[in-house]
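Colleague: Produce the entire structure from the sequences given, and follow the hints as far as they go.
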Amino acid sequence: MSTDTTTHTEEHGMSNAGYIKIALILAAITALEVSTYYVDFGRLFMPALMIMMVVKFIMVVSYFMHLKFDNKMFTWIFYAGLILAIGVYCVALATFHFFS
Amino acid sequence: MSADHAVASHDAHVTSTGLSNVKVGMWLFLGSECLLFGGLISTYMLYRGRVGTGPTPMQVFDIPFTSVSSFVLLMSSLTMVLGVSAAHKGDDRNTYLWVAVTALLGATFVGGQVYEFTAFYNEGMGFSTSLFTSSFYVLTGFHGVHVTVGIIMLMSTLGIMKRSKVPGSKSETVEMLGLYWHFVDIVWIIIFTLIYLIPV
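Residue numbers (the working numbering), protein chains in the order written: chain E, 0 to 99; chain U, 15 to 214.
No wet-lab data here; the hints were simulated from the structure.
Some clues are possibly wrong.
Unchecked claim - Calculated pairs, DMTMM-like style, for lysine to aspartate or glutamate (alpha carbon to alpha carbon, straight line, at most 25 Å):
1) U:Lys184 - E:Asp69
2) E:Lys20 - U:Asp105
3) U:Lys176 - U:Asp76
Every value quoted in this text rests on a predicted model; they were computed, and no experiment measured them.
Modeller: See below:
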């Protein structure tokens, strides 16, 4: 029985309490993101927002979408699409002098 | 080994990769969706300053309202993952419950978006008012359509599960639905930060 439970946890990720903890962390980061709209973070504003966005993204993908626990092939498939998209559109935006 | 696990082992298909073809297909689809939303987000970033004589983003955006909508969608990801977890355990009752709550939270988000669009329109922000408004409506509209499709799939799955009593072995269906729903959530995480929180 204990072997079954271990196998189940490995295949499907975390316990429900774990998911709730992740959701609470995500909610706290969202609250912090919203606070940047009202509080002046100075030069830290943009880097802080970008970091929080990336952390939330990775947490949802890793824990809620189970990429952290699943076969690495799925991670490669998804991040290949994501990196391709970021690369293609960064080049496209660069041609419009968006970053200048 | 429980009866559900026994059924799951019996129903599992042997594939050349050793991975579920359905799951590989879903991840490929989500990877391709990154390109779709990447294009829409890039277009918005390019045109967000092109307001012409229309309102600017900062004049129309209601950050407190959108923050609540974002929170609702984020919590729907939690309810979805709880539904997937229940489906894996063969707990039909909790699967129905969490999938239904997810659909409800999704509908709340879409309702909020309809309200927001109506308010923007009343403030003079039509679809063709400026390049900013066009790219904004296309991006957030496409996302809203994705959420709506997700709600339809959630409700359809609930109906199918009720009629055919989908057991634990069919939990992959709920898991695929969960992957799509979480993807819609992570797209909104990016939209909320880049479109709403970063001033032009």
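Colleague: Has the given pair, Lys184 of chain U with Asp69 of chain E, been kept, meaning a C-alpha gap of at most 25 Å?
Modeller: 18 Å, holds
Colleague: Take the C-alpha atoms of Lys20 of chain E and Asp105 of chain U, compute the straight-line distance between them, and say whether it is at most 25 Å.
Modeller: 22 Å, holds
Colleague: Would the hint linking Lys176 of chain U and Asp76 of chain U be met if the CA-CA limit is 25 Å?
Modeller: Outside the cut-off at roughly 40 Å; violated.
Of the numbered hints given earlier, the model fails hint 3 alone.
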